[in-house]
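Q: Put together the whole structure using the sequences plus the hints.
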Amino acid sequence: MLAVSKISVSFQKTKVLNSVSLSVSAGETVGIIGPNGSGKTTFFNTLSGFVHPSSGSITLNGEDITGTTPDYRAKCGMGRVFQNFGIFKEMTLMENLLVALEARGSFLGALVPWGAETRENRAKALGYLEEIQLASRANQKAGSLSGGQMRLLEIVRVLATGADLLLLDEPTAGVSPRMKEEVASFITKVQALGKTVLVIEHDITFIQKFCKRIIVLESGTVVLDDTPDRVCADERLQEVYFGKRAAG
Amino acid sequence: MSTLFEFLGSEYVIHLAILVCMYLILAQGLNLTFGLGRMFNLAHVASFALGAYTTALLAVETEAGFFKCVFASMLTSGLFAVLLGGIALRLTQDYFSIGTLAFSSVVSSLLINWKSVTRGVLGIPGIPRPEIFGIDFYNNTNFLVLIFIVACMVQGFFLILHSGPFGRALRGQAEYDEALQAIGCDTATVRNMSFLFSSATAGLAGSFFAYYLNYIDPSSFALAEMVFILTIVVVGRPGSLWGVSLGTVFLVLLPEPLRFVEINSAYLGPARQLLQAVILFTVVYLNRRSLFPPQREV
Amino acid sequence: MDILPQLLVNSLITGSIYALAASGLCLSFALLKILNFAHGHIMMLGAYMYLLFALDLQQSMVISALLAAGSMVFIGSFILTIFVNPFTRYSPLLSFVTTLALASMVEAIVSMVFGVNVRSLSSGEELSSLEFAGVFITPIQIVIIISAIVILTVMGLIIHGTGMGRRVRALAENPHASQMLGIRARHINFSVFVIGTVLAAYAGVLVGYETNLQPTMGNAYTIKAFAAMILGGLGNIWGTVFGAYILGFVENMAIGLDFGGYSLPAGYKDAFAFLIILGVLLVRPQGLFGSRKRSA
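Chains as they are written, first to last, in the working numbering: chain A, 1 to 248; chain B, 1001 to 1298; chain C, 2001 to 2296.
Hints are computed from structural coordinates only; laboratory data are not their basis. Every residue gets a Cβ at the ideal spot worked out from N, C-alpha and C, and that includes glycine. Treat the hints with care, as some may be off.
What the hints assert, rightly or not - Taking beta-carbon pairs under 8 Å as the criterion, some of the chain A residues facing chain B (in silico):
| no. | residue |
| --- | --- |
| 1 | Asn-45 |
| 2 | Ser-48 |
| 3 | Phe-50 |
| 4 | Gly-67 |
| 5 | Leu-111 |
| 6 | Val-112 |
| 7 | Ala-116 |
| 8 | Leu-159 |
| 9 | Thr-161 |
| 10 | Asp-164 |
A: Structure representation (structure tokens):
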């Protein structure tokens, strides 16, 4: 599904990603962990096209998308959840979903507010809102939601774009502990739909719940790539987070 | 009662109504890029000026008809938007507003210095009023009907844009550009299109400006005019279609009482300018917490 | 006769005025992160304040300069408190709008008080020019060049050699971290903005002696200061000063040189600032000396 081959990214003279390679097959869920500054978010920015790598290539469903724009990648089926909430707080919940549904519509259709297309989109949007139990608040501003609800809205909005590959950048950031459970169970639902998911997370116990594979990034390189149990057992993980143990 | 009708039918009231319609067209254009799109576009008056000069030159030099002139004005301003968009829209907000300011200054410098075409500060006099299907628009009542119909069409067009997917995308890119890109929207195209619509609308307003006043010179398109249109949009609440419509009526009529005050006529222009700038500042000051929602980025 | 040395000297004069004007704009951008669209109008206002004392009230040059500087200190702090500080916490768009409103207000007030006609500070007697090796220069022009060099050097010494300068640079780079170190941002922002205002006013006075004054001149000088800053990179003070001299050079060369029997009409002189802005934005948006902001 997604194949990343030896991408490197530098800002000014510091290398942020150093020859990262990764391949993810359809339906897989992969967790990405690593200390602050290890390049996790830059990795996602490179995948979604906001940052261009100095070398290496990215292939999505067999197509080389290395130099393409973010919106093109979205049309190829890549979706992204942002750490600082990608929803539009100034818009209503309904509008947030409409914007996603309309993004691939026709040009003339994008200028007029009526027509069969719009009616269909509204119905679809309501369906998505029901899935996250927010249909009753469809006409409220998204800024009035709690952190967890915003997160659910953002994930469901990615589904509305028809994405098959979801990049979740810290989906539990800004979410209360109680809502974390709901976000986790919603991610499990997304998995059941057969979507491919990449998750960046700090909380390793959180991603263990639904990841079969975990990648550890450190200083821009992949240190570990294994099942959660073996990653947790591996002493290199301890090294990444706590530094090398003193000899003995 | 009859005196009321007489007053409403008087040349003075018709003149004000024409001004309201013209500024409505102009302000709704800026309301798209600045109001919905949050792009601090200081070149709006330059588009207006280009529209006015295109109509003036065509009508005086070639005696072209109404539809030809209006279309040419919108085309010129539209092309200007494409050029401006090509350079300025790639920039971040700070550079963008400086870039549009520079663009508008290039236009006003051309208007003043390219004397062989624009006659410089002397301006272009003797612009004939249009004649369509034998109707004489030297009559201000007829002209009012014409510009009112056009203003309604423009309002309808922007109503459609604002409430439709295009308006949503424009608001989305203003709040969080990257998030909109990540759900598959080509935000650069959305911005460019909004620029095109906005600038062509300004060109349309410019065309009517030239026709109505019969005379134009560069001083009509100075900084004060930009501040005035910005005031209309800010007072009406940026991005609100009906708010800006009300704002237009309010702000066009507001300085009118100054006419009846016994002051030196040399102070009239600056007094209006000062009044508008003070209103702009006051409204921004009072609404500073809510006027422009924060923008996020990756 | 070779015109080149004369053009170079003229460039130096124009560049000095622009450098004085743009450095204030640049410092206030670096610290407050605002684009002051009224900067040229502040310049114009400063020149008119001086004109008020020197010509209308018939005071001596020194007294007028002191009174004008004093009133500009007052005006600068007024502008900062009313038009800038209440807005910086929210969207940057707000201060764009308020400074633009300020520009319009200043233009309107000056037109009402001093009239819209062109005025000049020079009475004509300063114009008797001296000649050095075929280059003509007036005493006032010598004052312009020397005072610019002195002011910019002192500014450089302060910024790079004193604790005050270190605080300014720290605040410009990372306001939050600097404040946590105990640097009082409000005081420093205040002093820098006021100094920038007085420098702009001084540049305005020089313009008044060199050419003439008009209430509508503000916008052109705002754009010139922006052009210098864009050339040097937003917030980069030495880049901006250098940019100002480049702008002066380009303007004088373009008008003065003869391109195969055709020379540009002098009216287009102002247009070069705009073209420089657009050209730089097109090719190198971060400025000639700026570094691209790190993304993500």
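Q: Have a go at the Thr-161 of chain A hint: is there a Cβ in chain B nearer than 8 Å to its own Cβ?
A: holds (5 Å)
Q: How about Gly-67 of chain A: closest beta carbon in chain B under 8 Å, or not?
A: Because about 15 Å separates Gly-67 of chain A from the closest Cβ in chain B, which is outside the 8 Å limit, the hint is violated.
Q: Hint check: is the beta carbon of Leu-159 of chain A less than 8 Å from a beta carbon of chain B?
A: violated (11 Å)
Q: Would the hint on Ala-116 of chain A be counted as holding, given a Cβ-Cβ threshold of 8 Å to chain B?
A: violated (14 Å)
Q: With a cut-off of 8 Å on the beta carbons, see whether Asp-164 of chain A makes it to chain B.
A: violated (13 Å)
Q: Would you check whether Phe-50 of chain A satisfies its interface hint, that is, whether its CB is within less than 8 Å of any CB in chain B?
A: The hint holds - Phe-50 of chain A has a Cβ within 8 Å of chain B, the shortest such distance being about 6 Å.
Q: Does Asn-45 of chain A pass the interface hint, meaning its C-beta sits closer than 8 Å to a C-beta of chain B?
A: It holds, given that the least Cβ distance between Asn-45 of chain A and chain B is near 6 Å, below 8 Å.
Q: For the hint on Ser-48 of chain A, does the least C-beta distance to chain B fall short of 8 Å?
A: holds (6 Å)
Q: For the hint on Leu-111 of chain A, just tell me whether its beta-carbon gets within less than 8 Å of chain B.
A: holds (5 Å)
Q: Checking hints one by one. Is Val-112 of chain A an interface residue toward chain B, by the C-beta closer than 8 Å rule?
A: holds (5 Å)
Going down the numbered hints, you'll see the structure goes against 4, 7, 8, 10, while the others check out.
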